[in-house]
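K.L.:
Spelled out, the chains give:
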Amino acid sequence: MSVYSPRLARLIDALRRLPGVGPKSAQRMAFQLLDRERGAARTLAQALTDALEHIGRCPSCRMFCEGGDCRYCTPARTASGHLCVVEGPADLMAIEAGTPYRGRYFVLMGRLSPLDGIGPDELGLDQLQAQLATGDVRELIIATNPTVEGEATAHCLAEIARAQNVAVSRIAHGVPVGGELEYVDGGTLAHALSGRRQV
Amino acid sequence: MTRARIQLTPGHVLRTQPYRDTSLLVEAWTYHHGRVGLIARGSRAPRSRTRALLQPFQPLLLSWNEQGDLGALTGVEADGHAAALPGEAIFSGWYLNELLIRLLPRHDPHPDLYADYVVALAQLPSALEAALRIFEKNLLTELGYGLQLDDDLDPATPYRYDTELGPVVADSGDGDAYAGSSLIALRDEQLDDETALRDARRLLRAPLRSLLGDKPLETARLLRQIRKSRPTA
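Those protein sequences? They're chains L and P, same order as listed. FYI, in this note's numbering the residues of the first sequence are 1 to 199. FYI, in this note's numbering the residues of the second sequence are 1001 to 1233.
In case anyone wonders, no lab produced these hints; they're calculated from the structure. No residue lacks a Cβ here, since even glycine has one placed at the ideal position from N, Cα and C. Warning: the hint list may mix true and false statements.
Said to hold, decoys possible - Which residues of chain L face chain P? A few of them, derived with a C-beta cut under 7 Å, are:
hint, residue
1, P19
2, P114
3, A152
4, D185
What the hints assert, rightly or not - Stretch by stretch, here's where chain P covers chain L in the computed footprint (C-beta under 8 Å, at least three residues):
hint, region
5, 116-130
6, 186-198
Could you build the full structure based on these sequences and the hints that come with them?
P.N.:
As structure tokens, this is what we get:
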């Protein structure tokens, strides 16, 4: 028997689906919405329904998009000739917000991970291959994470691009800006050293 | 129940999975304790210092507190450089990891096999197939299903392999026979030529299959998928 009334229990249960929300925080959120923020709660409910109804996946970059036109697949971006492959939507946002890059993207929604059963089909690599085959892309920029899975994914992407005669590059990894060599782990430092460039 | 504190024991990460919001469930393979499941609290948090280290193929020194089946990771340090696996060699490394996860129970120490694993990782970049076959052979031996490759094999004689009797001299017309030299090469871990590698692969496949049962290995399936989809330029 739940300590909450049925509707309250359902609300708390639904809130617990959010990342980082346990039973205690969910209860706090529910009480806050019901007690002091009833207007905001209504807006939230409306926004959720709206978002679910209108936000889908862009068929070409696989990023979330509204309606038919994706803001990351504009003709201007296509004209740049760059296609940047990232693991997830958050990675895309990070590049978009933090860098001047304004080319196109391809969101894998994961990384190769055989032990979890994630292969090329799950990542839509055949879709990417078809896009490279159209000839619009001059350079494929691989921005997967510097993990073992990310490296394996990068290797596969590079093979696909080479087969289509598209130039491939991998983002650099190394010492963070403002970092101190003393505290950087050995693996990162080794990468930074092997990827050094002339000045 | 005794709660042991394990300090800086050599080990490798076999796989990691997200656990709760910022933690990681680490399947580790250690010298003294065999395969163990460890919870790395806060490892996925933004400024975590352990996450970069908790990667497969990186030699580590692991410390944890035993708590029932899963341990709580308390410390991790690098113990040398990670094996630099280029391209498809990563898949072979994953294959070794998957074999260990599938075939060994947790908390079952195999120090010799751990040493074999380290050797195999080191050899993957230069002699991939040979490294895999030798590790498979040693894995079978550790599990008690070792091949019987005796000292009196004759390199010029063809043999067939009987699961009960071991190598038996084959009839002259037996197309499936293994060359004696191949069996010797596998026994002595000197797989240098194509025939020996092919025979070793064929010889090891049957016992591995019977141990793995109906569920095929994911790494093998994935690699086939990638090779198939690879455009033949």
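K.L.:
None of the hints should be skipped; say for each whether it holds.
P.N.:
Each hint, compared with the structure:
no.	hint	verdict
1	P19	holds (6 Å)
2	P114	holds (4 Å)
3	A152	holds (4 Å)
4	D185	holds (5 Å)
5	116-130	holds (count 8)
6	186-198	holds (count 4)
In terms of the numbered hints stated before, the structure departs from none.
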